[in-house]
Each structure stands twice: as structure tokens, then as C-alpha cells.
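Q: Sequence lines, in order, name chains U and Y. As numbered in the UniProt record's numbering, residues 1 to 407 make up the first sequence, in order. As numbered in the UniProt record's numbering, residues 1 to 232 make up the second sequence, in order.
Calculated directly from the structure, the hints in this document are not laboratory data. For each residue, glycine too, the CB sits at the ideal point set by N, CA and C. One should not assume that every hint holds.
Stretch by stretch, here's where chain Y covers chain U in the computed footprint (C-beta under 8 Å, at least three residues) [as the list claims (entries may be wrong)]:
1) 9-18
2) 283-296
Label pairs and their in silico Cβ distance ranges [unchecked claim]:
3) SER39(Y) to LEU379(U): 25 to 33 Å
4) VAL127(Y) to GLY342(U): 44 to 52 Å
5) ALA131(Y) to GLY342(U): 43 to 51 Å
6) ALA77(Y) to VAL25(U): 36 to 44 Å
7) ALA145(Y) to ALA393(U): 29 to 37 Å
8) VAL389(U) to ALA82(Y): 57 to 65 Å
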Amino acid sequence: MPSPPKRFALIARLALQDLWHDRQVSLCIAAALVAVIAPLLLLFGLKHGVISQLQRELLDDPRNLEVRMLTSGSYDNAWLANLREQPEVGFVIGQTRSLNTQADLLKDAQHFVKGAELIPSAPGDPLLADTARHPEDARVILSEPAARRLEVAEGDRLTLAVSRRFDEQLERGRLEIEVAGILEAARFPRPAAFVALPLLIELERFRDGHASPLLGVENGLARGDYPLRYARARIYAKEGDAVKGLVKRLEEQNIDTSSRLAEIENVRAINKVLELVFGVIAATALAGCMASMSGAFLANIDRKRREYAVLRLLGFQRPAIATFLAVQVGLLTLLAFAVGLGLFALGSAVFNRALATSYMAAGVVSHITPTHAVIALLLTLGVGLLVVVVGVARAYGIQPSESLREA
Amino acid sequence: MLSLTELRVARGEGHERHEVHLPRLSLAAGHVAAIVGPSGCGKSTLLEAMGLLLAPSALHSFTLGTPSQDIAALQRAGDERALASIRSRDIGFLLQNGGLLPFLSVRDNIALPRRLLGLPEHSERVVHACATLGLNALLNKRPGALSIGERQRTAFVRAMAHEPRLLLADEPTAALDPASGERLFGLIVSLVKELDMAALVVSHDYTLVAQFQLPRLAATLTPGGCRFAFAA
């Protein structure tokens, strides 16, 4: 007896020679599989493309992650810290007022913005993610409308001014600030400056009548126990799927919110429906493919019954016949998968070219990830395995003595 | 080489039961015996039993080869693996229609039994047989491209390629015209003699059997079966 690897090589070679000899039938069997694999991959690729495009659009805009507090209250740092710890939360920063604090931005007599919004920010702010900068000390990020009106660019210096009425007198605090970055108008359409929270608090303290050497006003209160409370907070969920939980968590604290939950849920619902549609189609197609491939293969085994009987007569045991069939089905399956993948690539290219020019579906591409391809391959091999089981069940009954009898 | 007593093989159940009985058979190396009888008397059944493809209902003794292997004991013990191993190693089958694998060339068909057994592929006997039977020009052809006579000659070489001790042939000339049949028959008889095998050939061609003066295991119908014995 030859060693098992040599035996396997011999059986595999015979199986291959048989497939090649009968290539028309082999191709028919493989084609049945290709006819299922390629459309399923295309359908799945398109579904995956549409959904990931929708999700990308959602996630690209940080406003979709924002949960706005509609009610304002009085929250301390501990409350914020606790909120920051929640798994759904991506970014939290306190806002000192229910409406944004305002200040004047001045470059010179011709270029100034009165009453620009001051928005607290910190590292990790999703709104500033694209600029890859964050405000620090006297460095601020300007929204594009503010920068345009001031005609400033990154690195330029300007003056930030706030006024207060103290002891019946109008006092003006000033601070020289530097433009650390500019946020595109799509992200924030009004003139605004994103500032570090300590600076914002310093401005509030000044407004409330405290002395502020930073702003150049020595006059005023000098209490060390300024009560640090926040009216609201800018809250962002970690990801689209976390918005729902975050809204629920805030509502439990009787905080009314507004968010883009509906849009997010929409995408999720579309995904679910498409998944169901795809699942049903895939299951039907795979079942049909199983049936047709098994049928073709069983007919093939019956047709070659005498050949199998001769192989048995020559010393092939039943496991050898099973190996012979498994090699054949395995090869046909792999061939069909490779061709199916190729056709998918072609079809995808057509889709992507056609969709790229269509306004409706701009950006939608049909594609699958390597993981998807591996899963598809495993599914295909699964179908092949079932076909092998059916075939082996049929071939097990073939006796060597059948080769002696005339049909 | 081959010695056997009291072999009974049954086919079918109840009313349909047909029992083939071979009281005694011994065959020396280099000898060919013919199994003859009318259609349906059980020639093929007997051949299957001798080829260890069919379990006998009764068997007194059955030894094969030198040193002799006790096949009767294995049959009684029901040792299928050992029987299958003896079948593939020590017995060669020459089928009525050749039984060649259509997807292999003549060369590969002939080489298959040796490969399956892990024997070295080159064999002087095979080279000699191919030359004698005029197969050298056909080695790269597929069976589909051969005449029936060429196919049967190829099948014969395949049946003896792994150097079995016993060759069982099931009406090897049935599909051939008389001249080709005679030629194949003659080649089988002379090669078996030359290679020291023993051979049993089922045939209903009495003329051929008589022409080569082969001992005949002839069938006699009995109630519920058939009995085979050497005819005078």
C-alpha cells in the first residue's frame, strides 16, 4: 500500500483527470454554481455599498451624533464627569449659558465681528475633528464665516473683547488671541469662535463682576469660590448606534433632547429590510443551487456507476471513493467561486461606473470586504460539502461486483 | 496454486433461489481452465465467488498462491479488509467489456493497479505483455479511440499488470469477431503460461475452448441450482 499522502495524490489526480475528460458536464455543474454565486455577490455588494454609504454620510457629519439638551438646568463638573463615563458618550463639554456666550472679535477698524458666538471646546470635539486642532489658552478656532468677515487666516492674531456694566460704568475686557484653525462653514454656518473652557469661564467671571487680570481689568470682585455651574452641555454620542441609548439616558433624568435619531433609525431600518430581502433571496438561491448541483452530480454518479465499480474492483475502498467525489466537488466549487468572484468584480465595475454619474446615487459603490468574500467562500464550500454528502451516500452503495455485470 | 473444495454460492431468496455448487477445483500455475455453460446457469456468480466479491453460503477449503493463503478461514471470520486486500493484490479481473476507465490513457489504465498497490511503475512483465499484444503504439490513446479488440487487449494487460496469481476473465471475447477473439484467447493462454499465473475464463464459445484444448468446468443443471465439474 502506498503512503496516505501518495494515495491521496493518486486519487486526486484520477479525480482531476475524470473531471477534465468530462469537462462539458463538469462545466455545466460549475456553471450552475456560478449562476448563483455571481448575482448573490453583486446583490450583496450593492446592499453593502448602499448601507455603508448611508452610514458614512451619517457619521461624516458630527451633527448626527449630537444630542442637544433642550432644557437647561444647573449641572456641576461631577455630573459632566459622570456623563462622560457612560459607554454611549463620545464627547461632553459644559456650556455656561443656555444660549451661547457672545463676544466681539476685532482685527482692525474695518474688520470685526460683533457678538460672535463663543463655543467651548476641548480635544476630541467631533465638530473640530476635521481640522485636527483644538483651542488652547488664547488660541481659538474660528468658524469660516467669522474668519471670512475678519479676513484672517491661521496664525493671525486678533482681539477678543467683552463688555460689562460694573458700578454703573461700562467696562471692556480685552484679550489678544491667535487663530489656531478655521472650521468650514458646512460644520458651523454662523460666525463663531471655539474656545477652551477655562477661557470661557474667565469671560463669565468677568461678566459677573470679577476682576480679570487676563482681560486687563483689575477692577471688581475677587472671590475665590466662584460657583462653577453649567446650564447645558454639548453632548456627542460615540457612534450612530449609541445615540438611542444616550437619548434614553438623558430622558431618564428628565432632560428633553433633540437629535437626529430618526435619520439614524431610518438607515438602520433600511439596513434591516435590505438584509431580510437579501437573506431570503440568498437562501432561496442557495437551496435551488444545492438541488440543481446535487441533481447534476447524482445523475453524473449514476452515469459513471460502472467506472466507480471498476475503481472499487481495482482496490478503491469506500473512503477512497468519497475522497474522489470530495476532490471533484471541491475543485468545481472553487472554480465556480473564482469565476463568480471575477464576474462580481466585472459587474461591480459596471455598477460603480454607472452610479458615479447618477446624481441620486452619487458615492454609492458596490463592494465587499475580504471578510465577506471569505464568508461567501465558506458558504459555497458548505453547499459543496452537502453535495458531497449526497453523492457519497449514493456512491457508497456501489459494489465492485457491479463491474462484472452487463447493464 | 489454487485449490478449493465444496464451494456453494446462493443467489436470490425462496422460490428464486439459485445455488451454484463447485465440489472441487484445483488449478496449477501456468494453467487456464474454462467455465462453460448456458446463459443464466451461474457462471458469473461462480466467478464473483472466486474473485471474493460474493460471500459463499458454504465453503470447505479455499487456498490461493504459494505460500498458500487460507481464504476459507478469512471468509469464515468475515475479515472483509483482508479479503479486499487479497482481491486487489492477488487477483486480476478481465471484464467482458474491458472496464477501462475512459478518462485515463491506455498507459495510465495499465499503470493504475500497480500505482494503487504502491508497486514500482516499471514492470518487465508489463513491457513484455504490451509488446506481445501490440499495444505500444496505443499507449497514449484514450480507450474511446480504440477498437473493441484493442480495448480487450489493454484490459488484459491491466488485469495482469500487478502480477496477480489468479486471473479471472468474464467472457473476454464475447464482443469480438471470431478472428480477434481467437487471437486474444491465444495471447491469454500463452501469457498465463509464460508468467506462471492461473486463470479461469468464463466462455460460451465452445469452439475456442476446444481449439485451445482447455479443461472445461462445465455446468450441470440440478434442482434449484447448478453444479460445476470438470468435463471429460
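Q: Determine for every hint whether it applies to the structure shown.
A: Cross-check of the supplied hints:
1. Against chain Y, the segment 9-18 of chain U contributes 4 residues with a C-beta closer than 8 Å to a partner C-beta. That satisfies the three-residue criterion, and the hint holds.
2. Remark: the segment 283-296 of chain U is not confirmed as covered by chain Y, as 0 of its residues place a Cβ nearer than 8 Å to a Cβ of that chain, below the required three.
3. Look at SER39(Y) against LEU379(U): about 53 Å separates their beta carbons, and that is not inside 25 to 33 Å.
4. Under the hint 44 to 52 Å, the C-beta atoms of VAL127(Y) and GLY342(U), about 47 Å apart, fit the expected range.
5. Distance hint for ALA131(Y) and GLY342(U): a CB-CB separation of about 49 Å, consistent with the stated range 43 to 51 Å.
6. Range check, ALA77(Y) to VAL25(U): Cβ separation about 43 Å, and the 36 to 44 Å hint holds.
7. Checking the proposed 29 to 37 Å range against ALA145(Y) and ALA393(U) shows it holds: the Cβ atoms sit about 35 Å from each other.
8. Our hint of 57 to 65 Å for VAL389(U) and ALA82(Y) is violated, since their Cβ atoms are close to 29 Å apart.
Going down the numbered hints, you'll see the structure goes against 2, 3, 8, while the others check out.
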